[in-house]
Structure formats: structure tokens, C-alpha cells
Amino acid sequence: MATTAPRKKIRLGDLLVENNLISEDQLMAALADQKKTGQKLGRTLIQKKLVTEQQLMELLSTQLGLPFINLKQYNYDKETVRLIPETLARRYRVIALKENPDGSLLVGMADPTDIFAYDELSKVLKRDIQQAVVRETDLLAAIDTVYRRTADISNLAEELDDQLETTDIDLNQMVQNEDVANAPVVRLLQTLFEDAVQIGASDIHIEPDENVLRIRQRVDGVLQEQVMKEKRIANALVSRLKLMGGLNISERRIPQDGRFNIRVRDKSIDVRLSTMPVQYGESVVMRLLDQSGDMLHLEQLGMTDDILHHFRNQIHRPYGMVLVTGPTGSGKTTTLYAALSELNDAAKKIITVEDPVEYRLPRINQVQVNTRIDLTFARVLRAALRQDPDIVLVGEMRDQETAQIGLRASITGHLVLSTLHTNDAISSVSRLLDMGAEGYLLAGALRAVVAQRLVRRICGSCKTPYQPEPHELAWLYNTLGEEIDEQRFYHGKGCPHCNNTGYQGRIGVFEYLEIDEDLANALRREDSVEFTQQARQSDSFRPFARHALDYALQGITSLEEVVRVTGTVDEAELPRTVIPLPVDADDTDTDPTPPHAPV
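When the letters of the sequence shown are read in order and numbered with our numbering, they come out as residues 1367 to 1965.
If you are wondering where the hints come from, they were derived from the structure by calculation, not from laboratory data.
Take the hints with a grain of salt, since some may be wrong.
[Said to hold, decoys possible] With a straight-line cut-off of 27 Å between C-alpha atoms, the simulated DSSO-like cross-links for lysine-lysine are:
1) Lys1714 with Lys1401
2) Lys1633 with Lys1402
3) Lys1859 with Lys1464
4) Lys1406 with Lys1633
[What the hints assert, rightly or not] Distance windows between CB atoms, simulated:
5) Glu1896 with Leu1727: 21 to 29 Å
6) Arg1457 with Gln1429: 20 to 28 Å
7) Asp1575 with Arg1514: 18 to 26 Å
8) Arg1752 with Ser1640: 55 to 63 Å
9) Arg1683 with Gln1590: 36 to 44 Å
10) Lys1489 with Asn1731: 39 to 47 Å
11) Gly1779 with Met1661: 49 to 57 Å
12) Lys1595 with Arg1678: 51 to 59 Å
13) Asn1844 with Asp1623: 38 to 46 Å
Cβ atoms here follow ideal geometry from the backbone N, Cα and C, with glycine treated the same way.
When you get a sec, could you build the whole thing from the sequences and use the hints?
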């Protein structure tokens, strides 16, 4: 394979102007912005929406006579990628893709006109380089996937273990010393957070076992585990984290909760810390919240057009209560914050009562509940209603008093948004009745209930058709109520892009119930049985399983994931029909799935 000689400097801006993609004035404005931000011109033009990334890549590929490689569909080898040091890969936006038989290296570059990057790579690699054009966003995602910190974590754990074994150091003194930025315990935690942020983990678990220490990270709702034999380092890690979270490092007998903020990879990460005494020490769980990320809009959550239309109508009403329900980690808070983001304007007074405040929003008055000083949901909510609010968000309906105040507020001119921990939309009403809420209040106040789950999206790089397993077909036959011809299902085989899981990202699955006159009458009589029967027959009701199956039929998620997430939902609400399901195993059609943003 022929190698590529070093290229003379080509001015990207001139290329874009010559091909009528931007004007001279637009180029000058982009160059002025580039000087302020220090970014490359191409990234500046994309952010200003003067050109798309695809247009830029096609132009470079055509003008320079270089191949364009879609990294999402390219199965690179991780060891080949690591031939280029991570620092260089990130600095110059390059990725090693393939070693050619003649000894040259195929390198994907976001900016192949950068001769400085070419020269530096040639010096480091000491071999000929063949260039290819790749999208920068895909390149950065691939780098995050490949250059994991697992080896660094293991090495630092060994170093910390050696230090604890060979010295007679006071552990409390070591973890409290603010001058030991290079101490193994500090570097280990920093590396752990970097790895978690890099792979998009939502939680970090530190769990001491009898002979090992387990560090687990939750990615797309599923835990990934790293086991280390250096169990003795657990106390040092927990003590340092307690110090960071403002907790008592000498108290190990009772659970403690704390919070701190760190900066990782130019991101502001809010960490919620929870410790709990277990058999072999203290277990620590940290929830990671990216405060620097953009807030999702309602259109990005994954609601169907019908559900989104009805939900939007309800949150724009001047009064009433709208509930979002689901288990822990199902995205309830994300949905409510997306609603608040849409409602947030200068004409409305919005107050939130939360435990804890997860995301900071401008113009919104957010109150953190603190039970240690008797600052409870009910007390704050009662005070908030004296602050002349238009909209009140209650983090969770936890007790009868909070529910009563929220319901009364919603029938006296306030829009109340809240969450409830139930498995589906219909059972939320029974839960409120069990908590002691009066039926007549529910009938007058409750407007709609949205229940939700999160399902994993099939990785677009390794998505292939497959024949469902017998137990999946059995579940499908018992839940799907319409004939489908020539239907195919998909799954992910596993590839470097998804860490061989077959999934990448998640999307919401929703169940919606609107309270009509018949349902309100059942609530007034506090007849939960009649309410349940009428709710299932309601025109507005669309159950979980139906929505999740739509995603499987569209190739967004797998049938296995649908069964995992919704298989415990009561299937009596769906018609039962046996459906022939022909699958062409030789079909390799991998059309892209409809565009949905991950949750």
C-alpha cells in the first residue's frame, strides 16, 4: 500500500470559501472567534453552524484525495490504536487504525491539513503514515473507549498498598494532608474519576470483600467490575472520600451521606457520596452528576409524539398536579428538569424542593431538604407556597403530609410537578391512596401520570439481525397484539465501540395516563379496583411494553433488553395473540435507527 508524503500547508478557510460553503465575511468572523477560544477553525465553524461536520469531512476527503473512514462502522484493534500515546492522540485529534503489510500505519485525522501533527507523529512512530479523514466527534468517542484507566488504577492500587505495608504512616494524617497531591491515594481517586467520566459512568461503587477490593462502575444502567487484590487500600480510599465529602472519618459504624464537587477533564462533576458499614469494612457509592453538560429538552427524552403532545399540554396548564413515576435510576429527575427548562421564563416564579438538588438552574429557586435540622419536604413546601410561586417541583412524594400539601396547592392555582416511586403509572394512584391522600383531592388535583424506564440502545457499529430466543418469543407472543409481516429483530454483537457489550447509550420508555372524568369519579369513590380497570381501557393509556416493543421493532433496542426492563410489568393490560415471526437470518440490513438522543 502506498504511503502518503508530508503535505504542504493547506488553508481550510480558503478551501471552504472556494467551494462556496461559507462566505469571506463568515470566514473572518469565525477566525476572530477562533482567536478568542483557541479552537481549530473547523470546530469553530461547526459550532457556529456555518458548516456541518459531514460537509467538512467530505470536502477534505475530496480535495486532498484521502479516504473518508466512518469510525462508527470501523472495527479497529485496541492495541493498534494504543501505538499512538493518548496525549498525542487527544492533542492532534488522531487515531491509529491499521498496520499495513509494508510497515506503514493508517492514521485517521480530524484535520489532515495539520502538518505539525503529521511531523510529530512521524517522529514518535518512526514509520510511514497513510492518512485518512475521520469525524472529530467519532474520533474522540473512540479515544475515550480505548484509552481506559484500568491499568493505571491497578498500578496505583499496588503503589498505595506498598506504601501502607512498608511505612508506619498514620492513615488519618495521610488522607488529611492537603499537600500530598501526588500521594498514591489522591492519584488513585483522580484516575478512578477520570476513567468513570471517560466512559460515561453514572455511579462508582467501592466494595471491600473478604480477600479483594471491588470497584464497579455503572454504565448504561449495568455495572462493570474491576477486582483488585490490594484490599488494605479500601480504608485509605474511604477515609479520603469522607474528607472530601465533609464526613466524620473516624466514624465507621453508621451510614453517612456527603457531597463534593470536582473538575475532571474540563467538566464540573457533582459527586453525591454515601457510605455504609458492611461485613468487611465500609461500602461507598458515588453518584456522578455532570453539571457542565447541557440540559436535555423534552424532544430528546424518547417520548412518542403522542405522549409528548399530551405531556406538554399538561405542564403548560396553570394548575394541577403532574406525576413522574418509576424506580430509582429510571430518569425521573431528567424528565422533570427538561420540563422545568421549557417552563423557565421571566414571567413565572418557580420553586423546587429537592433532596438533593441535582442540577443548578438559573432563575429557579431551589431548596435543599435537610432532615437533621427539621427542614423536611412538608415544611419547605409549606413555606414555598407563601413565596407566591406559579410552579412548584417537589422532589418526591414521601409521606402523607407532603402529598396533602402538594395536592391542595395544585387545586389553589399552582402547577405542581413531583415524582413517586412506583412500578407503573396506574399503581401510583393506589400508592397515594395508601399514603392517606383523600380521593376527592386526587380527583380534583391529579392531571396526568408519566411512568418511565430506561432501555439500552443497540450499538450502531455492531448492530446485526438475529433470531430471538424461545423465551423471548414466548414473551412476545403474550404481549404483542397485531400482525407483523417479515419482521426482523436486531442486537449488538459487541465491538470496541461499545466495550463488547452490544449496547451504547440509553433511551426512555414511557407509560402515560391522563385523568379523565370517568377516572376522576373512581378516585372520588376511592375505588382503586375500578380505577385500574378503567385506566387500562382509557384512550390515553399506552403501556410500557407496547412502547418498548416499538423500539425493538424499529431496531433501536433489542428484544432481550425489552424483556429485561419491562418483563415484570403486568401484561394483562395487553391483548394476547400468537404471531408468526419470520426472520431472514442471512439479511444483513443495518439501516440506521431513528434519531433519538441518549438519556
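Quick rundown of the hints versus the structure:
For a cut-off of 27 Å, the pair hint linking Lys1714 to Lys1401 is broken: about 39 Å separates their Cα positions. Annotation: proposed proximity of Lys1633 to Lys1402 holds, straight-line Cα distance about 20 Å (limit 27 Å). Among the hinted pairs, Lys1859 with Lys1464 is consistent with the structure: their alpha-carbon atoms are about 21 Å apart, no more than 27 Å. Taking the CA atoms of Lys1406 and Lys1633, the gap is about 20 Å. The hint holds against a cut of 27 Å.
The hinted window of 21 to 29 Å between Glu1896 and Leu1727 is violated, with their beta carbons roughly 40 Å apart. Taking 20 to 28 Å as the suggested C-beta distance range, the pair Arg1457 and Gln1429 conforms, at roughly 24 Å. In this structure the hint that Asp1575 and Arg1514 lie 18 to 26 Å apart at CB holds, the actual value being about 22 Å. Judged by the Cβ atoms, the range 55 to 63 Å given for Arg1752 and Ser1640 is violated: they are separated by roughly 33 Å.
For the pair Arg1683 and Gln1590, the beta carbons lie near 43 Å from each other, so the given range of 36 to 44 Å is met. Checked against the hint of 39 to 47 Å, the C-beta distance between Lys1489 and Asn1731 comes to roughly 56 Å, which is inconsistent with it. Checked against the given bound of 49 to 57 Å, the beta carbons of Gly1779 and Met1661, roughly 27 Å apart, lie outside it. Distance hint check for Lys1595 and Arg1678: the Cβ-Cβ separation is about 53 Å, which falls inside the suggested range of 51 to 59 Å.
For the pair Asn1844 and Asp1623, the supplied restraint of 38 to 46 Å holds, since their beta-carbon distance comes to about 43 Å.
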